[in-house]
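Assemble the complex: chain A is given as a structure, and chain B must be docked to it using the hints.
Line by line, the protein sequences give chains A and B. With my numbering, the residue at position 241 of the first sequence is 241, and numbering never jumps. Numbers given in my numbering equal positions in the second sequence, counted from 1, plus 292.
Certain hints may be false.
Unchecked claim - Subject to a maximum C-alpha distance of 30 Å in a straight line, what follows is the list of computed DSBU-like cross-link-like pairs (lysine-lysine):
| no. | chain 1 | residue 1 | chain 2 | residue 2 |
| --- | --- | --- | --- | --- |
| 1 | B | K541 | A | K64 |
| 2 | B | K565 | A | K71 |
| 3 | B | K372 | B | K432 |
| 4 | A | K71 | B | K398 |
| 5 | A | K64 | B | K398 |
| 6 | B | K553 | A | K64 |
| 7 | B | K432 | A | K64 |
| 8 | B | K566 | A | K64 |
Claimed, not checked - Here are the computed distance ranges between Cβ atoms for each label pair:
| no. | chain 1 | residue 1 | chain 2 | residue 2 | range |
| --- | --- | --- | --- | --- | --- |
| 9 | B | D435 | A | I114 | 55 to 61 Å |
| 10 | A | H147 | B | E376 | 54 to 60 Å |
| 11 | B | A377 | A | R58 | 27 to 33 Å |
| 12 | B | E563 | A | P111 | 40 to 46 Å |
| 13 | B | T358 | A | R285 | 50 to 56 Å |
| 14 | B | Q407 | A | P111 | 34 to 40 Å |
Calculated from the structure, these hints are not laboratory results. Glycine included, every Cβ here is placed at the ideal spot set by N, Cα and C.
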Amino acid sequence: MLHRLGRTEWLWGLIFALPAVVLIALFVAYPVGTVVYYGFTRWNGLSPAEWVGIHNYRVLLDDKVFRQALKNNFLFALSVPIQMTLPLLLAYLIHVRITGWSFFRATFFIPATIATVVVGIVAYSTFQVSGALNSLLGAVGLDSLQHDWLSSSHTSIPLILFVVVWANFGYNVLIYLAGMSALDPALEEAARMDGANPWRILISVVAPNLRRVMELVLVTSTVTAFAYMFTYIYVITNGGPGFDTNVAEFQIYYQWFTNGNAGYACAMATLLLAITTLLGLVQIRVLTRRMG
Amino acid sequence: MRSSLFTGWRRPLALVAATVAVAALAGCGGSSSSSGDSSSGGGSVNTKPASGTIDVWLAGLFATATPGTAYRDWIDAQDKRFEEAYPGSKVNITLLPANNDQFSAKLQAAFTSGQVPDVMLIYSGGYTTPYIPSLLELNKYVDANSGMYDSISNWDLSCADLDCQDGNGKIYGVPIDFGSYGLFYNKSMLSHAGVSAPPTTFDELLAACDKLKADGVIPIAYGDRDGYSTDNWVTWAYASYFDTGDVAKVNDGSLKYTDPKLVQPLEQLTELKKHDCVNSDASTRENASANSYFTSKKAAMVQMYPFIIADFEKALGKDLGVTRLPTFSDGPLADKAAGNSFHNWVIPAKAKNPDLAFAYVKIASDEQAGADLASMVGSPPANKQALDGISDPNVKFFAGLGSDAGIPLLDSVIPVNLALYYYKQLQAAFAGTTSPQDAMQNVDDERQQLNP
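Next up, chain A with everything else stripped away, as it sits in the complex (with noise of 0.2 Å):
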């Protein structure tokens, strides 16, 4: 196309596309790039950078904790069909406004609007001995099952999950609400009136002409589980016990800022980048061609 443009329109377009270009450059490029590079590196953050090839990903490669880390972030993203679905199908019984979706509607976003870090510290609170959730299972003569929950990856990363999908469900159902309304009634109408019930109409009508949506919600649901669990993670269990619940992200931190081995953190980086968008590559391909 770019050879129909005539030199005054190839400049114009150079010039309003510069402001993006410039930011990301500076925001995302060069930030990547420097991990890249130092990753490459021996460099404790303080004293020179020395060049070590692919030594930190040889090292990676025999790293048990790095490797329990990421086994836990794939547990972790067990939670995204979930995160997809949930939902979907909330934001759906509030568009077709059923009985009570004003209530729905005006109390979903809550969780979402509450610090991940708060939402850490109520849910240390809820599972630990003397917490909620021991208490209600008292309560209701339940005691037998009353249980230290985060003193076991068994139980403590289940229960971390579904803190997350909890979390996450307000803002997911919000993405997909924009998303609904956007639909043109038209369609959902046709289908009604060919017979179709309210779970034909999601199911082969509103679900795939959210296929942009849904991948939005995956892209940043599969993000979550590799890239944002630092704060749930380090507020509930601190990575404990050992190392059982630690994530990757907890693993570069703890790399970098304890140990010191910016470089060694800055492969690790690298890497989880790299998992991350292989996964949400692959799952947004495959979501694509499911729902054509």
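Below, chain B without anything else, positioned relative to chain A:
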């Protein structure tokens, strides 16, 4: 083909890459232009510097020096003395995170950015020496103040290679205290449960635990969310297994963490959990928070350092007792204590007013400061004259441990980054999610790749 392929992937690629990159990596960028900035300490010393404002950061246990606490009373008293000695001066206090992970992160960021205070009170040993490249060498200041070196004890953990060589080694900190651990107990609760005397051996501890459980109380308050309780117990237990010089051998790698001398004490300690001798949330409750079980009289015993004496005396009054922690075995140093200086004053190499900073350090580590430390906080001071004047029996008990120390505390000696990993492994072992042997093997493995 190229066009359709590109169209299919372009938008998702941009979306994913931009989101992840900014989220996960923005903080990683930085400059390598800053360099190690250790000062050799050359040049002259002004022992009577002009007044001015100094910024003081408090870490270690003093990170909890919020207004109203004994720690704050002590630091306020020293600030007042400094401001009287240097009229027109002002001291700005900043509390660093009490959590050691967060403390390390804060310090690393401060040194990286060059945004450092004039003076810091931080843990000695392995928590000080890794930062030597960014600290001021203090020899010229100590030498310029005649008699200062001899008036203070427990220097070694404040020097390069953890050896001050009687003042000839490179000094980077001025110690203020002596720290160890004791078994605090509630006399009434022990008596009510039929425990006639506090336990002196590990077997007696388990026996006392059974009686206290039968009496309906928590035998031992334990806060191990960060691994600190297990570390504090096990570092004392090493004295029952180690020989002289073994701590240094662990530090230099010639004695492995998987050696029975290190694994067996941890295995013994996990018996406390298996016998339900500790609060049920031991593995998820923070160390300091677990003290509330003891001060609220829900728990009969707790293992703690002396810095908590003032709070315990306030909560329990005459019911408070303190004794040596039980021996765990019959090694050559089993009747000795484990302990060393906990805190030392350090001055960053980039401090804006190092002469005035040292003037502050001198005041905050002298005889009066030591006497205040003992009376207000409950810690035996490093200042020798102040040590002689202690009257509180509980503080005297810890001062006695100081003169009887057989080994330093292991986690005071090893580098802070290894210590933090070690705590997590100890926590996992006590929680039962890994075996003591595997936990120590992990520490050995980590030591190999501590600085990949």
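Hint by hint, which ones does this structure get wrong, listed from lowest number up?
7, 11
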